[in-house]
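**Q** Residues per chain, in single letters:
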Amino acid sequence: MSDTVAAGATHATHAHHEELGFWRTYVFSTDHKMIGRQFLFLGLFMLIIGGLLAMMMRWQLAWPETAVPGVGWVPEPYMYEGIIPPQTYNALFTMHATIMIFFVVMPIMVGCFGNFLIPLMIGTRDMAFPKLNMLSFWVGAVSGVVMLVSFFVAGGPAASGWTGYATLSAKAAYTGVDWGQNLWIISLFILAISSLMGSINYITTIVNMRAPGMSYFRMPLTVWSLFITAILLLLALPVLSAALAMLLFDRTLGTSFFLPEGGGQPLLWQHMFWFFGHPEVYVLVLPAMGVTSDLLSTFSRKPIFGYHAMAFSMIAIAFLSWIVWGHHMFISGMNPLLGTAFMMTTMVIAVPSAIKTFNWLGTLWGGSIRLTAPMLFALGFVSNFLIGGLSGIFMASTPVDIFIHDTYFIVAHFHYVVAGIIFALFAAIYYWFPKMFGRTMNEGLGKIHFMLTYIFFNLTFFPMHFLGVGGHMRRIYNPMQYEFIQPMQDWNVFITVTALTLGLSQITFLLNFFASLFRWNANWFRFLVQIVVSAISGYALQMFVGLALFLLVGASLPLAAALIAGVVLGAIVFWYLYRKMGELGETAPRNPWQSNTLEWIATSPPPHGNFEAQPVVYRGAYEYSSPEVKEDWLPQDKPLGTGAAARAH
Amino acid sequence: MLQWLPEDVSTFGGEIDSLFYLIYYITAATFILVTVLMIVFLVMYRERPGRRATYTHGNTTLEIIWTIVPAAILIVLSFMSVSTWAKVKRGAPETDFELQVAGKQFNWEIVYPGSDRKFGTDDDRKFDNDMHVPVNKVVRVHLTANDVIHSFFLPNLRLKQDAVPGRTILVWFEATKPGKYELPCAELCGFGHSGMKGWLFVHTPEEYTQWAQENLTPKPQ
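Protein chains in written order, with the numbering used here: chain A, 1 to 649; chain B, 1001 to 1221.
The reader is advised that the hints may include incorrect statements.
[Claimed, not checked] 16 Å max Cα-Cα, derived EDC-like pairs, lysine to aspartate or glutamate:
# : chain 1 : residue 1 : chain 2 : residue 2
1 : B       : Lys1118   : B       : Asp1096
2 : B       : Lys1104   : A       : Glu628
3 : A       : Lys171    : B       : Asp1147
4 : B       : Lys1087   : B       : Asp1017
5 : B       : Lys1126   : B       : Glu1098
6 : B       : Lys1180   : A       : Glu483
7 : A       : Lys638    : A       : Glu628
[Unchecked claim] Example chain B residues on the side facing chain A (calculated, C-beta under 8 Å, incomplete):
#  : residue
8  : Ile1016
9  : Tyr1055
10 : Ile1149
11 : Val1164
12 : Gly1166
[Unchecked claim] Stretches of chain A that chain B covers, calculated by requiring three or more beta carbons in the stretch to come under 8 Å of a beta carbon on chain B:
#  : segment
13 : 81–90
14 : 339–345
No lab work stands behind these hints: they were computed from the structure.
For each residue, glycine too, the CB sits at the ideal point set by N, CA and C.
Just need the whole structure built from these sequences, with the hints factored in.
**A** If you want it as structure tokens, here you go:
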């Protein structure tokens, strides 16, 4: 990222007339944009680790107790020449979830885009507390290091699930994991401190530092979503911290908060964990909803449908998220009367989500829709959120939950919601990459990335519903140990094959991201990108065709036909890329998407201090195709004739 | 998708399954409606030269409709769920057949009370993982755990209940068809969680009497 950021830093030095050295520019920076980029790189690094852990789990589920390729070097007893033992399998899903939730989605959606976008979108120079902001990142980075160190301590990392249910997590003897679990607790405790610092900063900045004219109801929905997210974090994290501290005391100091033999209550942990955990789910998904709203409006060239309903439904979700935690505990032994009450609140919280989905549809209606890479990913988020939201209704009904609780139906549901966020995450990266780095990501590669990710995400997670309906429990090491699950094993193989392809497809993103960032445009490299991406696409698409045929007519594609299909499809992709793939990392103009929000009036990337002059806001963020102007966009800061400006107030 | 549901052999499973079907049809219809509209809009309103997007900020009537309709459906669904939930989780009928089940790493410990029908006396009989009950008989299970949380899962009886250390939770079922049904642990309970399972043997009354005579032999009075 060297010279992109160097360009930004040069501006910064001009603006401030002081020399910031390497360390203060790239490492201990107080610039919200640099901190945002730091969170992005932290999140992407962890995404690769979390993804690889998932691939290993999938291997074990499809072909139990066979050697996973490439990990033969892991010493015993963690692996036996590549064969995963049960204890390691438990550690894999524990760490996969922990990393994906706390070190991928939170750092990228909240840490990166919160930091990068809030000051730019509300038209101010920086966060309210820049040093606190820097501290927030570095405390978060320490937490990530502690989590990664836990892989290397004796006994291995935490293996009691990301939910860390006591009593399993409260005594080393129950899992055989001693310091791994302690470090897991300590790491999350540190991360909570980091997030608290961030959320205080976000709230203060949004309340106090909005540009002149930027009333609350002129803020883009991305800012609204991050504002509400920050409030949720501020209120939820202390509960998690308290629970974690109690758990650590039970493990190390001999207290009995959660241990019945000392008078403690195992369910207390679940109540505290989910009292944090359910708002946490909305912490993850609200920014994705905000980003999606902004992108759908921008690329439909149309105002967001029902702006106030969109903002109020997020506020409603935030309030209701505090009184639904018990729906994670219907089967836990909690009083069944409470189960009935939590079912009612849970059904109610589905309503604002439904409103959002219909308003997104309303935004598309009558638009002039541009299917750019970021728009495709935003639509992908809507489509997956729809499935995840609808499958949630099954669990909300307490009697149905008796059967599907702790099965793959739940795994399917939360992957459609939480892993579905990755679509909003990619959408946001493709959309704001030009502003972040002053370069554009490649559209052609982005579209191929979307196609592969969308197809294989659905092929991976949708069949998990079938497994769940069949009663397939989650968190089991070897499905073949159960007679009633054995007939469904073909689906496990299917899911693993598609999950591996989903993982492989992400190479397309990494190539695009880094090649655009560093402007790798040497002929040999461009050719390499084209070959690699078309090989992946050819392989993936022939598999898609093959699997579709298999499901429709029950006949598998003969090897020769599959090879031919792969070569033909790969060749089509290659031809497309050869013709359409322009320069990698093209210099980004200020406003490449012709968007209304304030970040686009700054240079790409904006210098330290962001704007050349303090922007003044005259209208909301969604004046696309307004009859008042000839163009189909009307930036928030553009003054019209006095009459028009007055009307806009 | 629904053909994957395991065979139901319980008295309350039918109600659970019909709620499942109902929600399935409602969500499937909603999914199709939204997806079709989305695809139609993406095609109809794709960017075309010379056409400008409709400038509108919303439609209050429409928004009220699509708030009230889902709210009504969801509230009706939750009221429909209340009675089945109460039946399974709160309404354990009276019976003379009671068992104690304790989850422990990594077995189900099943205790028959013996002829005095009291637990914790000398004539108790303990079995690991095998549970024998007569068909068409209400069975009350006093469920607990000795170490960590386990979950008592009978897929064919649509029954699941976590077993929590330090507590005893009453669950019940009535099997309607003789057979052999799997009894896995559904809550992560440690490295041996996978493979922690028992079997529920549902016998005809004659078979059960025979089994009881062979295995629960009462002490001479």
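**Q** Looking back at the numbered hints, which does the structure fail to meet, lowest number first?
**A** When the structure is compared with the hints, only number 2 turns out to be violated.
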